[in-house]
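S.K.: The primary structure of each chain is shown beneath.
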Amino acid sequence: MFSISSTLAAKRLIGLLPLILVYAVFVIFNYDFIEPLLVNWWSSHESSQGLMILPVSVWLMIQQLFGRRALTLEPVWVMVLLFMLLSVVIHVGAIMHIQVVEFSALIIAFAVIPVALFGVRSATEGVASESYFPALYSLMALPLWDYINPVFRFISLKITEQFLGLSPIPHYVEGYRIELAKGVFVVDDGCSGLRFMVSGLAIALLYAYLYFDTNRARLLCVASLLLLALVGNWIRIIMIVLIGYITDMQSSLVHDHATFGWIIFAVLLVIWMFWMNRLERRT
Amino acid sequence: MAIFVDDSRVWLRGWWAVIFMVAVSVGLGYLFTEFFKDRAWRKLDDTPQIIGFREIDQLPAPFRLNYPGASQIWSYVDTGDQTKFICIVFYQQEMQGKELVSSGNTLVGKERWEEGKKVQVVVEQGGGENVFSRVVHQHPVAGQIVVSSQYRFASLSNTTNPLAAKLLALRDGFMGSNGSAQINTMLLAKAGSERERQPLIPPAIFEVIAAVDLQIMR
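Protein chains in written order, with the numbering used here: chain A, 1 to 283; chain B, 1001 to 1218.
Be careful, since some hints might not be right.
[What the hints assert, rightly or not] Cβ pair distances, simulated, as ranges:
hint, chain 1, residue 1, chain 2, residue 2, range
1, A, R177, B, A1061, 48 to 58 Å
2, B, P1060, A, D32, 27 to 37 Å
3, B, W1015, A, L253, 50 to 60 Å
4, A, T124, B, Y1030, 36 to 46 Å
5, B, P1060, A, I14, 56 to 66 Å
6, B, A1061, A, S251, 17 to 27 Å
[Stated by the list, open to error] Calculated from the model, a selection of chain B residues having no Cβ within reach of chain A, i.e. all distances over 10 Å:
hint, residue
7, I1050
8, Q1058
9, A1061
10, L1065
11, I1073
12, W1074
I should point out that these hints are in silico values taken from the structure, not numbers from a laboratory. The structure displayed is predicted, hence computed values, not measured ones. For each residue, glycine too, the CB sits at the ideal point set by N, CA and C.
The following block holds chain B by itself, in its conformation from the complex (with noise of 0.2 Å):
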């Protein structure tokens, strides 16, 4: 009954291809991470401020946060209007299908969203374009009405390390600004029984979206 390991030659010749695959996993990690470790990510500690809006930890029911791959959350309440609220959402990367309202993320409870048309909106900031997109969403929660408008911010991270300046430009050549780190701001407001009310965020919150330096984090 011969079986499996039979020449021992063969065998440890073999085991040169293993060692180069083990090398090769945990040796170029350690490159990496050497070479792109002056980079200029740095991670957003300072929440944004917003003015006429103070940061809450969480929202109030019957906001039910759920985005799973989110870097980075941050929830505000209006200090006048008790009944808005703003939420950022920050993902490191384009994420497929992590749009703020979807049946993978849940706000408040799954699929019951009415949206309507997504409209393109650029802001000039920072010396580029930054380019948003504004949608508003319904959704019907015991009795309420919840508007939401969504914002995909598509600016660009910048970065020190020229190799890597060059590889985000490949990036960019390629797939457009769109494939770049994406925030998401909502604008939520419980609005009673005023089913044609449909806040949208005000300008002044956009520029202050937009001009957060989003040199982000690994």
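The following block holds chain A by itself, in its conformation from the complex (with noise of 0.2 Å):
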């Protein structure tokens, strides 16, 4: 048993040998845009989700390259010459000094050297077919998000100025900045709620792709739970404002609410967890 199992993993080791070697000259030399992406993710709250996506992403498509009777390459050339371009397009971008051309190319790069190497195959008798949404996966990681904030902040500043309107409480609104009789709060490019929407959008990507079969049931799981969090992050911030006005702006919350943000965000999870879990059972 025990050889079995190890014989299997030595030559799954084997075969993915010209990902691991590939993946290693890349990173190698490409270290000096990596590295900028890296500390970008990691102190950015926008985009930390890039460090668990694109990880996931490589790990669904070797587990998808697991599943083949026999690990043998199957170049790609079409993507092998996509590659090439993408590398070409790094450099470009690191000239032109335009960051999100150069971090862009750099993750779709990394998404695609598994299937320039390894292909998707189509269905085969008695084989379903693979999926790209292994590969499209990571694109969830590209620094794009934040041209759409704008969109979202401005929705956000409309739901809390339509709940105060609802409300006793005495305001002025002047462009973002909300007043009121103790206070200013300002309707920050972080109170878009973006970055809530991304990562429930990855989360319930991931979880569509992994647990339901069809359509309808893909769709219910990723609208319910990007709708949750555009919720969770408007009853955040009619919450501040509220605890706000009620504490005269002593609370530590108006000060410092991105923790408050994500339990919001924890607590609509689990129920939709819940939800979800149901709903695979039925479907």
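Dock chain to chain to rebuild the complex, using the hints, since each chain is given by itself in its own frame.
M.R.: In structure tokens, the structure reads:
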């Protein structure tokens, strides 16, 4: 038993050697570009999910490869050329000083490597087709979310304004500043709720891929968590304004409420997971 | 139990892709470095001199600088009024969410800033326009009010390499000058109980920063 599993593990490792080699060389010779990306993920609230998404994506791709009867190299030359093009784009982005181009090309190149070496198999007799999802999942880590942040910041402001309009709390709104009798709140970039939405989307997509077979269930899975993340953020802002009003801005939550947002998100996530678990059993 | 590597000829044919991808990873970096090695980028070794201020190693408490990814940081103190400081943070590239005062970049504590309106300021310098944005922030720390003004430098670096120049022009065509390297300048002042005191960066400093040769680094 032990010898069979160890033989299997050794053969898997040998089969993955080309992938490990290309990844290692790619990382070593592009480290100047990879380091700022890691620093950005590590230090940023808005894009830290990249630290989870990229490894998960690579792991899903490897798991999919392990489902094959034989792990042979099946290069897809279009993808190999795409990898070359992306490698050029990384350097061009550096010369042009556009970090978003550098980061995007790096992330896509990372996802392209396994596909370029092993391909994604179509359905054959008795064997289901492989999925592009593991590779596409890495696109969630692209640093493009900030561009839609102003939209959700504006929506958060309007929702808060609507709530205050219905409440007896005297207030004055100018731009993104909400002035109460005892203090001022600013609906900041971080109040858009984008960080919760992106995290929610990453979790929901993974859940839908792993546990649901029908598109209807997958759509419900993703849409419901997106909506919950958005509503959770609005609840957070409204509660902070209320707490600020009630405590004359003395509560510590008024000044540091990032963790408070994650607690609300976690509570909603647990409720969502119970719901999805029931849905999974039904479907 | 037929497992994995089962056809050596197919296996070896596939290795051409591996060799090609390894060569691309190794070779492109070398080629680009060689091709652009004569470009005019150079590191800003000399600290920009600002009249009325002298450079200090680090800002005193309660200021705690945390600017990950910054290429260079300079700090100054007013030679007369020791409660006024200037902090210049230079990023090689436009950094998303890397404003001097933000939840990611912390100066004092976190997320306790009151932010005023943003105003665009244009300074003619060095044969072109330098666009700055000015914002007043307030932060209560230990009974003090810290007032800061933030400016973003959006001038373009130059290069003698024709291809690099074309790429930069292409970048500006798509993104405008906001896509360029950025330099942020803050005037920090411990304003004590004078909550209304909101000093702004004097125009002289503005001009010094705009004139700084930003042909930077790799």
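S.K.: Compare the structure with each hint and give your call.
M.R.: So, going through the hints one by one against the coordinates:
no. : hint                         : in the structure
1   : A/R177 / B/A1061: 48 to 58 Å : violated, 29 Å
2   : B/P1060 / A/D32: 27 to 37 Å  : holds, 34 Å
3   : B/W1015 / A/L253: 50 to 60 Å : holds, 59 Å
4   : A/T124 / B/Y1030: 36 to 46 Å : holds, 42 Å
5   : B/P1060 / A/I14: 56 to 66 Å  : holds, 59 Å
6   : B/A1061 / A/S251: 17 to 27 Å : holds, 25 Å
7   : I1050                        : holds, 25 Å
8   : Q1058                        : holds, 20 Å
9   : A1061                        : holds, 19 Å
10  : L1065                        : holds, 13 Å
11  : I1073                        : holds, 15 Å
12  : W1074                        : holds, 20 Å
The structure fails hint 1 only (numbered hints given earlier).
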